[in-house]
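For the record, the sequence lines run as chains A and B.
The first sequence begins at 1 in the numbering used here and counts up by one.
The second sequence begins at 1 in the numbering used here and counts up by one.
Simulated from the structure, these hints should not be mistaken for lab results.
Careful, some of the hints might be misleading.
Computed list of chain B residues with no C-beta within reach of chain A, every gap over 10 Å [claimed, not checked]:
| no. | residue |
| --- | --- |
| 1 | A13 |
| 2 | V30 |
| 3 | L83 |
Estimated spans, in silico, between C-beta atoms of each pair [unchecked claim]:
| no. | chain 1 | residue 1 | chain 2 | residue 2 | range |
| --- | --- | --- | --- | --- | --- |
| 4 | A | A93 | B | I23 | 51 to 59 Å |
| 5 | A | D77 | B | E57 | 37 to 45 Å |
| 6 | A | R256 | B | P15 | 43 to 51 Å |
| 7 | B | S68 | A | L263 | 30 to 38 Å |
| 8 | B | F65 | A | S359 | 55 to 63 Å |
| 9 | B | P108 | A | S84 | 54 to 62 Å |
| 10 | B | P15 | A | A321 | 44 to 52 Å |
| 11 | A | S177 | B | E14 | 26 to 34 Å |
| 12 | B | L109 | A | E99 | 55 to 63 Å |
None of the values given here were measured: they were computed from a predicted structure.
Note that CB positions come from ideal geometry on N, CA and C, so glycine has one too.
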Amino acid sequence: MAPSQPDDAVARAVADAHREEWSRVVATLIRTTGDWDLAEEAVGEAFEKALRRWPADGIPTSPGGWLTTVARNHALDVLRRRTSEQSKYREVAIMRSLEGEADADVEPLAADDRLRLIFTCAHPALPLEARVALTLRTVAGLTTAEIARAFFVPEATMAQRLVRAKGKIRNAGIPYSTPSAEALPARLDGVLAVLYLVYNEGYGPSSGDAVLRVDLAAEAIRLTRLVVSLMPAESEARALLALMVLQHARRAARTRDGELVTLDEQDRALWNAAEVAEGLELLASAPGRGPYRVQAEIQAVHARAVDANATDWRRIADLYAEFARFSDSPFIALNHAISQGFADGPAIGLAELETLAASRRLEGYHLLPAAQAEFLTRAGREVDAAERYREAIALAPTTPERRHLERKLAGLPGAAGQNPTPV
Amino acid sequence: MKYMMFVSTDATAEPYDAAEDNIVEWVQDVDARGVHLMGERLRPAEDATTVRMRKGELVVTDGPFTESKEWIAGFDIIDCRDLDEAIEIASKHPMARFGQIELRPFWPLELDGV
């Protein structure tokens, strides 16, 4: 240890430790105490103590080990106080297990603990929104206030959601463990679904205050990296990471002066080349044909095209057909129809979209008329296209999307894009 | 932990097929594992009687207390390690397939101080 560290070096070291060690330390404390609230409190206390002590004592060589020891001692103090107030057998037993571990090296079990934590937070017996909140709070180490802001709910609502989730874990007997081999595939799917939901929440156009909002897409990628590192043999986890990284690589190209830029109009030089390469490499090491694998391959086709015109739409249409076998979602059907239109011409695209429109499964969804408008434009039917764009504009859920469609309408050849003259 | 398994019908489940009903094997399995405390089939809702005391008066009515398409067809009480084991046990019950099963943890009254 080097004594008397400058404050900014300490702040950085604590921030690094928070990012890299939080889940490990919390996971260990939950296992040893069996008490989620106590574990959280003790780990929070350990990080505060690091901020106070490291400037004078120096940054420890193993910040994770230091934090675990301090958190464990804090948990012991709390339990001793509780047991002196009223003797409780359970807490005495927990204290014995904590004391027994004080000198033991906890590292060999640490990886298991984080997996336990990840699987417990994503347990299907918890409501989906609680799984998301608990994963972000406990595995990612975000504060309740940060999670509340990210999902645009009051902090008290988010706090209540977390309290209820922890209550259910305790009362329903949700185990702090990894699933059995028999249950693993379905449970891993559940974990990946939570991570992808977090990613998509961060990916979508934000209507809130972007400065105060944590980057959920980046958090989801960080968590998925952790899952991949803990379960390197799980191909779908790797494929999900590839899918996220390939989409995330395009973030700088996705907006221009605050306006939405769709994939076909993006400046591909702005795509993060290192991330694209990483995504493609991950995909190459993810065998199997699961749903994330197929979705990642679709993104990889885009990533490999030097420009929008070079996109292999035939391949994308085939991949959407394959993806549709996993889910009969109308959104997948829409993407399949669009890719067929780009592969085989606007007449085919319009016919496919008409079938989808007739099914009424996407009623009120702005991207259906927007896609029809796109193919009508390509077919030279600007007047019909303008009508569809106006329909899509009326349905657009966010301002950036509405403005994007208004620009498409205004860009139609001839007078079609002009607003009709009021009579 | 002790759990009550409410075994219920469910209109969305596949139709009951007596040839595929493996309830005997299920009971043998849970008994052999030592996780089954008791279980019974229950007469249908039309044989149910609901009892209420209202303002000191006894009110007895015909039928179950909730009107729904689903009705409790039986129950089992299991005592197992945790919810994951309870889910595994419930998933193998034939009515997980032909109906649905609700797992409710016991909530023991703490009467030590009384």
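Going through the hints against the structure:
Remark: the non-interface label on B:A13 is consistent with the geometry, its nearest Cβ contact in chain A lying 18 Å away (cut-off 10 Å). Taking the minimum C-beta to C-beta distance to chain A, about 16 Å, the non-interface status of B:V30 holds against the 10 Å cut. Listed as outside the interface, B:L83 is inconsistent with that label: its C-beta sits roughly 4 Å from the nearest C-beta of chain A, within the 10 Å cut-off. Take A:A93 and B:I23: their Cβ atoms lie about 39 Å apart, and the range 51 to 59 Å is violated.
The hinted range of 37 to 45 Å is not satisfied by A:D77 and B:E57, whose Cβ atoms lie roughly 57 Å apart. For A:R256 paired with B:P15, a C-beta distance near 57 Å fails the hint of 43 to 51 Å. The hinted window of 30 to 38 Å between B:S68 and A:L263 is violated, with their beta carbons roughly 48 Å apart. At about 41 Å, the CB distance of B:F65 to A:S359 disagrees with the hint of 55 to 63 Å.
Checked against the hint of 54 to 62 Å, the pair B:P108 and A:S84 fails, with Cβ atoms roughly 26 Å apart. Here the CB-CB span from B:P15 to A:A321 is close to 32 Å, at odds with the stated 44 to 52 Å. Between A:S177 and B:E14, the C-beta spacing of about 32 Å keeps the proposed range 26 to 34 Å intact. Our hint of 55 to 63 Å for B:L109 and A:E99 is violated, since their Cβ atoms are close to 33 Å apart.
In terms of the numbered hints stated before, the structure departs from hints 3, 4, 5, 6, 7, 8, 9, 10, 12, listed from lowest to highest.
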